[in-house]
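When we follow the numbering used here, the leftmost residue of the sequence shown carries the number 1, and every step to the right adds one.
Calculated directly from the structure, the hints in this document are not laboratory data. There could be a bad hint or two in this list.
What the hints assert, rightly or not - Keeping only pairs whose Cα atoms sit at most 20 Å apart, straight-line, the calculated EDC-like set for lysine to aspartate or glutamate is: (1) LYS172 to GLU212; (2) LYS457 to ASP483; (3) LYS45 to GLU8; (4) LYS266 to ASP307; (5) LYS492 to GLU464; (6) LYS550 to GLU8; (7) LYS294 to ASP322; (8) LYS444 to ASP399; (9) LYS447 to ASP483; (10) LYS457 to GLU446; (11) LYS488 to GLU413; (12) LYS294 to ASP475; (13) LYS246 to GLU413; (14) LYS488 to GLU464; (15) LYS294 to GLU276; (16) LYS171 to GLU212.
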Amino acid sequence: MLLNLPAELLIRIIQEIDQVGDKCQLLQTCKHMNHLLSTHVACWKQLDLSPYDSTISNNSLLTFLRNTNIPLYTTHKSTDSITTAITALDLSGCWNLSEELVVALSRSLTHLTHLALNGYRLNTPILQRILKQKKLQQNISPAIAFEQQRDHVYQVRPSHDLSSMAMDLSKKQTHRLRVPLILLSDIVSSLPHLTSLSIQYQDLGGRHSFLEFRHIRHLDISSCIISQPALQTLLRVVGPNLGTLKMLNIDLNNLSWLSVSQYGKKLECLHVSCNEPLLLPSISHVVSHLPVLKDFRLTRIRTGPLDPVIERLNPANLTRLDLSPKMNIYPRSTSSSNLDPGRRSSRVQLSLDSATPTSSSTLAVASNGRHNKHPPQSPKLSLSISNYATTEHDLLFSDASLQRLSHCRQLLELRLCFPTITSSALHETLRHLPQLQILELRQKHEKSTVDFLTGLKYCQQLKELLLFSVHVSQDAVNTLISDDYLLKSTCKHITISDGGAIIEDECNWSALLSAMNVLQVLCLGQLTHPISWPQDDKNINDKQNIIFFKQNKAWHAQ
């Protein structure tokens with residue numbers, strides 16, 4: 001039996017369980033598991049409370065900590081070793097928690113190496129989200145899964161679009177975790193082992209030395225409020241030690257870009273946004289002075305050629321490239337009935353659903369059955385808004401850039417949104433990228449039948465394929481399921497939105513489900529006609545978006 005295993009081995013097994021709620025349920029299974037989980041802090045080594053952002057309160061968290069013997073702030077030095085202590089804490093979006101408790105808990109865990117205090121919870125991987133909803137018997141429209149699989153791609157903007165890049169109407173300001181900069185500095189200064197800090201959507205305004213941040217190696221300040229002088233100070237103090245810097249949706253001036261190139265010599269990962277085409281030469285200068293850059297993401301590009309930027313990237317090191325133009329969703333008050341059919345289907349895909357109410361029962365298990373009475377999180381966007389208009393600018397990324405990428409044979413991830421490329425150039429590039437594991441391609445809704453997927457057969461290690469308004473030909477389907485290639489044995493996740501009639505043919509999408517050995521998730525969006533799925537004792541033929549996911553070796557639909 002499992003309980004006969006040595007405690008050390010059981011702890012290692014428990015550490016592999018990601019969800020805090022699942023571990024809380026283990027507390028109730030038997031006295032042995034309850035004792036193990038409540039006396040060995042190592043069982044909670046990765047403490048991620050962000051899934052309970054809308055329900056966790058001071059009382060429920062304190063009860064959880066007491067019942068699991070996780071220590072709250074002590075003045076004496078911890079005697080736990082790094083192998084038995086909690087090393088990762090995520091409180092992102094837990095807006096019901098007081099500043100005092102956030103600081104106390106963070107400072108208590110003196111062996112933390114990773115800390116996330118983002119204003120809002122980040123998106124959950126689609127398979128993990130679906131399985132959790134199924135476990136909690138929650139129903140949710142899968143439309144949210146397609147355009148919101150990744151953070152910082154589309155933004156919900158006011159119609160005038162005169163606000164800063166950090167503004168996103170899908171984020172409710174009253175439901176944001178706020179940790180003032182002075183408290184963040186206090187937390188970071190008390191955690192000597194901390195190397196990774198994520199503080200998206202926090203306010204970093206005001207004058208500050210940032211000396212407490214010098215030991216940070218991986219920093220994410222995306223969508224933070226910060227002035228140019230403060231940003232330049234941060235880069236000057238922290239930049240020389242950084243291996244990762246993510247600052248999406250932050251405007252940088254020329255001097256700030258110069259600071260990145262001057263102080264970021266060790267950067268292996270750089271994620272930035274640029275809304276001003278006149279600054280693209282500055283970005284070219286930056287990437288040419290980052291000799292070890294491996295992961296580069298650039299978003300919010302309104303216009304301007306990207307070929308000079310790509311030309312300056314070091315092809316010997318580049319492993320991940322993610323480029324997207326300015327992509328906005330504008331809420332409109334016009335009745336959806338006035339929309340043409342094409343716009344209505346776009347609305348289905350791009351609608352921002354309400355955040356799924358997170359069950360408070362999981363933490364209540366560790367709180368002796370006392371449920372949190374806080375209401376579920378309110379919708380991310382007001383329900384009075386009936387439809388949405390979208391704008392997607394062209395990504396001025398040409399065949400010349402693709403040819404340049406052909407020399408990056410170690411490239412693992414390539415994401416291109418609305419690039420101005422040809423199918424033949426993409427084919428030739430994919431032929432030289434045998435290591436590619438993630439491919440994302442988005443195109444305009446123009447119903448083109450040009451096949452951009454002829455080079456898929458060369459991607460013999462592909463794990464994720466995400467296609468938006470890309471025509472999926474019969475040859476592409478055959479390539480995915482063919483015994484002549486390895487794709488059927490490597491690809492785990494496929495998203496196809498507005499892919500055309502061929503992929504909507506039951507013979508083809510069912511062939512993907514049956515023939516692809518390791519496929520776990522298949523998302524089909526913006527369908528021209530409903531798909532019938534009689535399994536699971538239900539027929540969901542009224543859906544325009546559908547997610548197939550594998551659980552216990554059987555396919556289910558959501």
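Hint-by-hint comparison with the structure:
1. Distance restraint check for LYS172 and GLU212: the Cα-Cα separation of roughly 30 Å exceeds the 20 Å cut-off, and the hinted pair is therefore not satisfied.
2. For the proposed pair LYS457 and ASP483, the alpha carbon gap of about 11 Å is at most 20 Å, so the pair holds.
3. Restraint check for LYS45 and GLU8: satisfied, since their Cα atoms lie roughly 14 Å apart, inside the 20 Å limit.
4. Note on LYS266 and ASP307: the hinted pairing is violated, with a Cα-Cα distance of about 24 Å set against a maximum of 20 Å.
5. Restraint check for LYS492 and GLU464: the C-alpha separation of about 6 Å stays at or below 20 Å, so the hint holds.
6. A hinted pair counts as satisfied when its Cα atoms are at most 20 Å apart, and LYS550 with GLU8 does not qualify at roughly 32 Å.
7. This hinted pair checks out: LYS294 and ASP322 have alpha carbons roughly 11 Å apart, not beyond 20 Å.
8. Using a Cα cut-off of 20 Å, the hinted pair LYS444 and ASP399 holds, with the two alpha carbons roughly 17 Å apart.
9. Our distance criterion of 20 Å between C-alpha atoms is broken by LYS447 and ASP483, whose separation comes to about 30 Å.
10. For a cut-off of 20 Å, the pair hint linking LYS457 to GLU446 is broken: about 25 Å separates their Cα positions.
11. Only pairs whose Cα atoms come within 20 Å are accepted, and LYS488 paired with GLU413 is accepted, the gap being roughly 19 Å.
12. Between LYS294 and ASP475 the alpha-carbon distance is near 33 Å, which puts this suggested pair outside the 20 Å criterion.
13. As the CA atoms of LYS246 and GLU413 are separated by approximately 17 Å, the hinted pair is consistent with the 20 Å bound.
14. Our distance criterion of 20 Å between C-alpha atoms is met by LYS488 and GLU464, whose separation comes to about 12 Å.
15. For the suggested pair LYS294 and GLU276, the alpha carbons sit about 24 Å apart, so the restraint of at most 20 Å is broken.
16. For the hint linking LYS171 to GLU212, the alpha-carbon distance of about 29 Å lies beyond 20 Å, and the restraint is violated.
Checked against the numbered hints listed earlier, the structure breaks hints 1, 4, 6, 9, 10, 12, 15 and 16; every other hint is satisfied.
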